[in-house]
Amino acid sequence: MRYRISYLASCAALAVATAGVASAQETLTIATVNNGDMIRMQGLTEEFTSQHPDIQLNWVTLEENVLRQRVTTDIATGGGQFDIMTIGTYEVPIWAENQWLLPLDNLGDDYDVDDLIPAIRGALSKDDTLYAAPFYAESAMTLYRTDLFEAAGIEMPAAPTWDFIADAARQISEANDDVYGICLRGKPGWGENMAFLGAMARSYGANYFNAEWQPQFESEGWTTAVTQYVDMMTNYGPPGAASNGFNENLTLFNQGRCAMWMDATVAASFVTNPEESQVADNVGFAPFPCGIENCPNQGANWLWAWSLAIPASSQKAEAAETFISWATSKAYLELVAENEGWSNVPPGTRTSLYENQEYISAAPFAEQTLQAIENADTSAGDDKPYVGLQYAAIPEFQGLGTAVGQQMAAAVSGSMGVEQVLSAAQQTAVREMTRAGYIK
Amino acid sequence: MARAVSTRRKITMTIIGWSIGLLIFFPVMWTILTSFKSELDAIATPPKWFFFNWTLENYQTVHARSDYFRFMMNSVYLAVGSTALGLLFAIPAAWAMAFSPTKRTKDILLWMLSTKMLPAVGVLIPIYLMFRNWGLLDSHVGLIVVLFLINLPIMVWMLYTYFKEIPGEILEAARMDGASLTKEIVYVLTPMSVPGIASTVLLCIILAWNEAFWTLNLTTSNAAPLTAFIASYSSPQGNFYAKLSAASTLAIAPILILGWFSQKQLVRGLTFGAVK
Chain U
1 MRYRISYLAS CAALAVATAG VASAQETLTI ATVNNGDMIR MQGLTEEFTS QHPDIQLNWV
61 TLEENVLRQR VTTDIATGGG QFDIMTIGTY EVPIWAENQW LLPLDNLGDD YDVDDLIPAI
121 RGALSKDDTL YAAPFYAESA MTLYRTDLFE AAGIEMPAAP TWDFIADAAR QISEANDDVY
181 GICLRGKPGW GENMAFLGAM ARSYGANYFN AEWQPQFESE GWTTAVTQYV DMMTNYGPPG
241 AASNGFNENL TLFNQGRCAM WMDATVAASF VTNPEESQVA DNVGFAPFPC GIENCPNQGA
301 NWLWAWSLAI PASSQKAEAA ETFISWATSK AYLELVAENE GWSNVPPGTR TSLYENQEYI
361 SAAPFAEQTL QAIENADTSA GDDKPYVGLQ YAAIPEFQGL GTAVGQQMAA AVSGSMGVEQ
421 VLSAAQQTAV REMTRAGYIK
Chain D
441 MARAVSTRRK ITMTIIGWSI GLLIFFPVMW TILTSFKSEL DAIATPPKWF FFNWTLENYQ
501 TVHARSDYFR FMMNSVYLAV GSTALGLLFA IPAAWAMAFS PTKRTKDILL WMLSTKMLPA
561 VGVLIPIYLM FRNWGLLDSH VGLIVVLFLI NLPIMVWMLY TYFKEIPGEI LEAARMDGAS
621 LTKEIVYVLT PMSVPGIAST VLLCIILAWN EAFWTLNLTT SNAAPLTAFI ASYSSPQGNF
681 YAKLSAASTL AIAPILILGW FSQKQLVRGL TFGAVK
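Just so you know, the sequences run in chain order U and D.
The first sequence runs 1 to 440 under our numbering.
The second sequence runs 441 to 716 under our numbering.
Think of the hints as simulated: they come from the structure by calculation, not from any bench.
Note that CB positions come from ideal geometry on N, CA and C, so glycine has one too.
Any given hint might turn out to be false.
Unchecked claim - Beyond 12 angstroms from chain D on every Cβ pair, some chain U residues (computed): (1) Asn273; (2) Asn282; (3) Leu333; (4) Glu396; (5) Gly414.
To be verified - Covered stretches of chain D (chain U as the covering partner; in silico rule of three or more C-beta atoms under 8 angstroms from a C-beta of chain U): (6) 535-546; (7) 561-573; (8) 669-676; (9) 693-699.
So that you can see chain D by itself, here it is in the shape it has in the complex (with noise of 0.2 angstroms):
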């Protein structure tokens, strides 16, 4: 009888799990059906779902008209770059914070995540003109800085509640052992924490990659990643709906197959420490 009510209520489970899961990519999928039908079959009614006249009409203009692999390739510089950046700095403040609290650590902590809550539009002015002066508009490194700016507070948190989990005495262990601190980061505490800095490098190639106010504003073409490709297929008169379906469909490609297949690192990263 237990065994029964088991089975029901994993079945049960597994449906809603399942339905929760297809609500969730319903979005996504109906933006990669979209990219394969025409302009007057992606306004149908009722909407056609997978029985219409299957094209690639859609992809062979977005192919015709922007060079897709220039932006690819500046979205992968900026995300890479920046999350890079990020971890050289990340790690040690997260381990300052998690192995040498001060009694400020816990307002520090909260005072860098109150940057993230100021309208990126409020700094757009100052920022820009210091990119002019600078002569840093539409280059990667200026927008390497500036989205590892934006990312490095999520990296500073996720990696101080992964390192908080790290028992000290093992740092303590590698001290007395006589490890310097730069062998002590380097040596220990990285390699334990590797599922811990995968999450957090994960997500922030993620965030880093959607990041579209700073790289629609500072770029226009030598560093515009996809974030200004898919802004070109959007229009408010005119109704384009599969030539953007099939710019976003390449514009999310990449992201999607890196988070399908990093998604046991990504979870266990996210939900660390969430249930003890």
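One chain only, chain U, in its complex shape (with noise of 0.2 angstroms):
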């Protein structure tokens, strides 16, 4: 008998035991979008689980659409979903502005920051704190195909222009019969084809808005871009090229069907990949292209980064702050280089990674990458009074960008002329950005 409540007392000691050991370790969840990038993350959890036993990882993978209205809606209810979201340059400055996010101040000592490019670290930071790490980065580029610049005896200058773009996708499509001189986004939304328009325009002296908050889309600058875009994509481009997003452009690249394809600088790894791509190795780099001369940012007018941010509502601060800073450190760069080969590393967030000439010998886009992303100034000036380049970040952007970009979609599908286009454009901006008070 003596034993027998020795041995209950034992079990009931140990069950004790055990639920104080699960009520120390905390579960994170995390929000994040699906591209390589972070489900690589997400195949390395063990290795981050068995640094820290305490902490528990919990993914909520989406597409990155459905992830924007999930975590918005999270956070702007307080609903305390997630621990840790995966946001981008957008939504930091107006998230921060909003006091939805809180700042990382404790990311560790070996952490380094000041390894954060500049650019990337700027786009992330409020009044000089960083209220979310960088995940990986992009900036916008010129994919070719040297073969068929071979062919046609064209060589692609170290800085383009959009009119020596447009001659030769129009010596390429001349010269055959299947292949298309030139893809470029044409699908209607904030972050398709406008966030290409924008960096166009940008490139052609342009902005969304001038320093008093009133639209330009009826400016010379808007004008000559959008001429040109909707001249191009009409006699070079992809039928139904209206429809044509990121994806359908790196399939029909990826099929050998494009000569040229300005995009994100994330495409590059996707096209050089011989699993992916029917033409791995006849791809070619350049920056994106310029308008006039001496264009703003010499041409880089595109910068994204997939950050990993902790929402204000999380009762797990420590716990996310510690995780992010492992997600996005040096360590784990060198970690997935380790398991992936370094061509896999996420590109865009240091310094020291464009130092690594390992990476650079794997990366054969290493440069134009890091190039396009250091030259993208994101920052508010006395040209144009919001942050951003590709996208405005005020929170009435997405609404007025996909309601503008649907109407270039009908300028390329040839169901409106691009005068009637940009004025239309122009009276949305002008009705939404007085309606929300900008305007006075």
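Assemble the dimeric complex from its two separately framed chains, guided by the hints.
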């Protein structure tokens, strides 16, 4: 009987001890997007949990647009469903201003925050405080088929202009029946065709708004950019280009159907991967084209960084910051390189990565990517009152950008003329900006 | 001669029927075929139909990345739970409207249906706040209630249409024999309406299984069903068609099998009363 009592007591003590351990363990719920770099991070979960046995990770992976709606709803209502959110450079300044995010001021001594590329660090900071840590970053570049250029006797210049691109597209289209001279985004959306057109208009010196928040769609820069865009898409682009987004153009390029493609630098790793691309060995890289001489930011008018942030509603901020510090550290880059090779390391966030010879030799697009990101200055200035390049970091931009994007798609499909479209876009933007109180 | 015309007509109708059937089934078949291709074969031009290197790699990747069984069980809980709850309310409601109609019955039925016309996103924030305050976010109970409310108008309409075909005299006879209201519904009406109830149940299970707005917005992981599982394989940056196809095939497989075995009831219920 005495043995039985002591046995029961031991079991009870063990149960209490186990419960104690269980209660000390925290589970972080992380909302993230579905892309190669994030999936790799999920695959390395055990590396983190073995170093931090008191923290478990619960991944919620969603398609980008679904994720944006999901996390915006949660953070705006204080739902508290997530401890870490994957958000972009568009959200960070707005959410930090609303005090929806916790500052990342305790990332650890080894983190080396000064190693973050200044353009990225600036885009994710408010009043010099980091509110999100960059996981991977991108700008825009020109991807082109070296074999087709060689066959046509054309040489890609170090700093191409849109006039050169249009001429090259014409020559290659005429010489090849089954290849489109140029593939560009046409699918309507603030993060789709407007991201591209915003960057292209800026390469002609035009912004979304002037210093008084007056929309600029009828300015000379926008008129020239949209006219040239519609001309290239109509004459040398694929049929149905008004419904092509990143993925559709990626498919066309990988099938060998596009001679040139201007899009996010992240595309470089896809088109050079022989497991996905039929033209992996024949891809060259050049900067995003300029419209005018001395174009702003040397043509690098696109900056985006998928970043990890902690919502103010999280009850596990300390553990969340520990994870963010791990996932965006230099050591993490080395861990990925060790497991998956240097070409699979998340790009664009740290200066030291671009000083690493192993990375540079594994990623032929590294130099162009760094150059594009370093030149992309998102900060507000005399010429524009908003943060952002291919977008304007104001809450109204998502709705406004998508509405204007639909009008631009109408110009590509031929149902509206360029002047008509720009006039309609101007009217829409003036109405929305007046309603929102930006224009007095 | 008449026989020859009839045979020719039969052959023509068969060909047309099969063509339409294959056309409708084509996207599903293409998804299934793509799930066995490599990413490179998935985007090949001209498309590769059957002669490619068949691989199970995509299924292995999906299996390694996601806990399919958990997502599927959540789908089962939500679909079955919301449908069962719906029956508890829809059968009495349809009975009342079919056998004790008032002059407002038609208006009520139309009003119920009109609630389906409200775009869901319009009430996302109020519902989200209610769920947050009641602790129902990412819970089975909360989602079962939402899916039940979404499908209730359709359930009532379908059952009402079916009940209308049952002669009221049979229920009167049961009443004459002393059956209470509950007994009348449970022992007389329900057994006679099994095909109608079965097709309603099947349709509501399919609708709940496929519902992808509330199930994505009100869940994170505990109650996330297969819609969330598929959403995790879709991406606007990066082509993962083969993996997405494997995930989609796994997600539709259970409901496809259920639909296959119960197609007779489903067709009968959906077309009941269409031709008189």
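Hint-by-hint comparison with the structure:
{"no.": "1", "hint": "Asn273", "verdict": "violated, 9 angstroms"}
{"no.": "2", "hint": "Asn282", "verdict": "holds, 15 angstroms"}
{"no.": "3", "hint": "Leu333", "verdict": "holds, 20 angstroms"}
{"no.": "4", "hint": "Glu396", "verdict": "holds, 18 angstroms"}
{"no.": "5", "hint": "Gly414", "verdict": "holds, 25 angstroms"}
{"no.": "6", "hint": "535-546", "verdict": "violated (count 0)"}
{"no.": "7", "hint": "561-573", "verdict": "holds (count 5)"}
{"no.": "8", "hint": "669-676", "verdict": "holds (count 6)"}
{"no.": "9", "hint": "693-699", "verdict": "violated (count 0)"}
Going down the numbered hints, you'll see the structure goes against 1, 6 and 9, while the others check out.
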